[in-house]
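Here the first sequence is numbered in the working numbering, starting from -10 and rising by one per residue.
None of these hints come from the bench; they were simulated from the model.
One should not assume that every hint holds.
As the list claims (entries may be wrong) - Simulated pairs of lysine-lysine, DSS-like, Cα-Cα distance not exceeding 27 Å: (1) Lys274 with Lys293; (2) Lys293 with Lys594; (3) Lys435 with Lys470; (4) Lys483 with Lys470; (5) Lys139 with Lys91; (6) Lys470 with Lys376; (7) Lys376 with Lys507.
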Amino acid sequence: MENFLDELNPEQLAAVTAAPGHLLVLAGAGSGKTRVLTHRIAWLLETHAASAHGILAVTFTNKASHEMRQRLEKILPFESRHLWIGTFHSIAHRLLRLHYAKAQLAENFQIIDSDDQYRLIRRILAQLNLDEKQFPPRQAQWFISAQKEKGLRAHAIDDERDAFMRTQVKIYTAYEALCQQNHLVDFSELLLRVHELWRNEPEILAHYRARFSHILVDEFQDTNSMQYAWIRQLAGEHTQVMIVGDDDQSIYGWRGAQAENLAHFSRDYPNVTTVRLEQNYRSTKTILNAANAVIAQNSDRLGKELWTEGETGEPISLYEAFDEHDEARFIRACIQRAFDQGYSYKDIAILYRSNAQSRVLEETLLEGNISYRIYGGLRFLDRAEIKDCLGYLRLLYNTDDDTAFERVVNQPPRGIGDKTLQQLRDLAREEKISLWQACEKARLNKTLTPRAATSIAEFMNLIESLKPLMNSMPLDQVLDKMIQGAGLQAHYQKDRSEKGLAKVENLAEFIVFAREFKAEENSELPLVAAFLSQAVLDSGEKEAALGEDAVQMMTLHSAKGLEFPMVFMAGLEEGLFPHYLSANEADGLAEERRLCYVGMTRAMKKLYLTHAQSRSLHGSGSLKQRSRFLAEVPEEYLQQERRQTKFSAYPTQRSPTRLQANTSGFSLGQTVRHPLFGEGTVLDLEGQGEHTRVQVRFKHSGSKWLVLSFAKLEKV
DNA sequence: TCAGCGCATGTTTTT
DNA sequence: CATGCGCTGA
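Could you put together the complete structure from these sequences and hints?
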């Protein structure tokens, strides 16, 4: 075990081998924070300071918890599966599954995402006869989440103040009742429920306090007040808490994160040892010094100055583009030059403030035949057609799930419109029953018009006929039957556009996804339930594409935690970055600056900063001033790039190597068959392994790019 | 009941 | 510019 300590610097070693007690690790960008966390766990286990059973490690994203588990597997002599590692939400979910009755929940409770939550709130507004213009559903949604994060139930809120507050509380009250009645739990509810469970059932809390001797929390600057309270509650007298975070990388204040929690920790826990990790192993001196200079403009920092033993490196390139197209062409030219000099595309990232910027960049890279990958945007499981499938599945699992019912009852359109639905809603409300039960009742009472009655009967028959299949065949086959039976497939096939085709393909991919789904080992849930909850909690953000050589494009926010040899930060203009909506509040501006710091510190070797004199946003062009952040970078680190006129001088021909290197077994010109699109010819191949993509021209459906590991392609 | 048209609107995102 | 939402007419 000694050799795993060898790889640590003195500060890291101090954190990993810290004496019993609470520990605060202020870890700067690129200072090895994940390493410290995993090594600390390994050290605790090796020295028998803790048993695997007694460790709880909490992260914010599924990606982070997967990574932590993987890295632990490498240094632990045994499997890591006995450790509780997960996101706040997945751990809360697990606890609620174990103690659902004591938490006042039905066994088959469902988690809803913010989209479902939004629909639910709109339904309530309609029910309460509230005008959406006057009371925007988004605002109510925000209000409810904010209250839950403060630990406040509707009845506990002082609503005497003003009419606005009274209305919000009224909505909140109705929302609470509806969720409870439908066995639905939203994201903030997961945490709040557990919080209340522990408060109301002291013996359960005592059990977990005794169990967890060590709690470790990553990215502590991102915790909101409920999460802070949660850890505080769970940490018993003998629990040792270790938190890791960086106040300079707090970029989620706008969604409730309280970076102050980092400072509160030392105040609220006795005898906290603080360790600062200030040696950076990622960036050149130039990049690091420049980033330090920018972040130094912020006040109220906990104080940390990163340093590196690395080389000085190249200066940071600054380019003032004429407009966003010129900016994109400059970036493309730099990427092509870097590629010719031996860089891989996957070593290069383009970061931007807002998603809208990706369009022009994407088009420009496409013209230059540079493969790229855009992160963010709608994730697979968030797409409407996939959520329809999940809706059906939820209804099969629990017919009283009104959210699911509303989603799919008329999708595809089957003649059950607003009027019929409103009748059902009224009936359900009067009788205090679910919409499904209201259907049954209406069927008996014969209160519906004959037309609607037939449609409802057909719909109910469909669901009833699919239900028994869940116990008799694999999930993917149930889904297949469902997609056919419900007419989803036929519905989307009617749309012959690019979009319609994509939807049909997504449905097919979803079936493959279901086939490959494996429940976690320690899951006691029925398979469908496990599938449904994982689909909500883990929206399937793909791992940073293995083996796929593509330029990585993403927002500055989603770049946190990543690193790339070469980084472009585009659109450094006042109004865009810092964003005009954040520029007014002082806090907002400080957060934008931290975002800039996060972006700069992603770069290992070479950083490019670009801005445009004019940029057309939503149609009309406007003149832009360079971002104030550029002025905060000391000039000695900058090198102004000259504007060139002929960026198109670089060859735009596709390099032939891409065509050779594939292990797919398919070759150009080959005839293939796809279950949906029929026969076609292979036009192009790229990527390797499970990321291999083929372009096929189908006889009837045009040409498409397909991921081989998803698409069921056969050779003909 | 639903498709199609016109109008307003326009950060960042995870669970 | 482009998308999404609400309203209107068939």
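Consistency of the hints with the structure:
no.: 1; hint: Lys274 with Lys293; verdict: 16 Å, holds
no.: 2; hint: Lys293 with Lys594; verdict: 22 Å, holds
no.: 3; hint: Lys435 with Lys470; verdict: 30 Å, violated
no.: 4; hint: Lys483 with Lys470; verdict: 19 Å, holds
no.: 5; hint: Lys139 with Lys91; verdict: 22 Å, holds
no.: 6; hint: Lys470 with Lys376; verdict: 16 Å, holds
no.: 7; hint: Lys376 with Lys507; verdict: 20 Å, holds
Comparing the model with each numbered hint stated earlier shows that hint 3 is the single one that does not hold.
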